[in-house]
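Peer 1: Each chain is listed here by its residues.
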Amino acid sequence: AQKITQTQPGMFVQEKEAVTLDCTYDTSDPSYGLFWYKQPSSGEMIFLIYQGSYDQQNATEGRYSLNFQKARKSANLVISASQLGDSAMYFCAMRETGSSNTGKLIFGQGTTLQVKP
Amino acid sequence: DTGVSQDPRHKITKRGQNVTFRCDPISEHNRLYWYRQTLGQGPEFLTYFQNEAQLEKSRLLSDRFSAERPKGSFSTLEIQRTEQGDSAMYLCASSLLTGGRDRETQYFGPGTRLLVL
Chain A
1 AQKITQTQPG MFVQEKEAVT LDCTYDTSDP SYGLFWYKQP SSGEMIFLIY
51 QGSYDQQNAT EGRYSLNFQK ARKSANLVIS ASQLGDSAMY FCAMRETGSS
101 NTGKLIFGQG TTLQVKP
Chain B
1001 DTGVSQDPRH KITKRGQNVT FRCDPISEHN RLYWYRQTLG QGPEFLTYFQ
1051 NEAQLEKSRL LSDRFSAERP KGSFSTLEIQ RTEQGDSAMY LCASSLLTGG
1101 RDRETQYFGP GTRLLVL
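First to last, the protein sequences are chains A and B.
Following the working numbering, the numbering of the first sequence begins with 1 at its first residue and continues without gaps.
Following the working numbering, the numbering of the second sequence begins with 1001 at its first residue and continues without gaps.
Note that these hints are calculated values from the structure, not bench results.
Each statement offered as a hint is correct.
In silico lysine-lysine, BS3-like type, Cα no more than 30 Å apart, as pairs:
hint	chain 1	residue 1	chain 2	residue 2
1	A	K3	B	K1057
2	A	K73	B	K1057
3	B	K1011	B	K1071
4	A	K116	A	K16
5	B	K1057	B	K1014
6	B	K1057	B	K1011
Next up, chain A with everything else stripped away, as it sits in the complex:
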């Protein structure tokens, strides 16, 4: 069964430093997509970055990059040059895109990131 695991309930980082948020996943489908979302205290889920299972290169979007290690089934989010506005809950999510046509996302438990000034 597909599953997403985020083992860090909470993380602290100093402003302007880089931080890595961990995500491991489990699926038997060879084709899948991995997503990271940010959820500030206001509640809205904000899409950050996507990685496809067949992508050859790690995804990058501005200060966000995804450290994709397929053999280890991990998809860690790296935030460079942290800003105070990065303080939020971060969710890793997966969608299987092989045999099923489902679009549903399976989410992890989330990691709360606090950026210290």
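Please arrange chain B on chain A, whose structure you already have, making use of the hints.
Peer 2: Coordinates of chain B only, in the frame set by chain A:
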């Protein structure tokens, strides 16, 4: 380009009452998803539509829950005979499914916070 909107943002109701939530997706998005999120957890999939067809329902969606998407535009989620366990954030997301199914990205609304007393 307006994002996904949800109404109401907050709802307080008494146990046993019926409630209805509305979601307006990003225009021209053909897929619409409903998720439920309880405090400290990641969102859980409830159901989704492609155009006006409801393609998948989670086992979380009991008989008291019903969702519609008439004419493939906005969607409503109704909960009948609410219970205290229904208290949660209800999130709506929309996406545009094109030929590249892998890269379908869901964009979320601000959510509706439901409290059942």
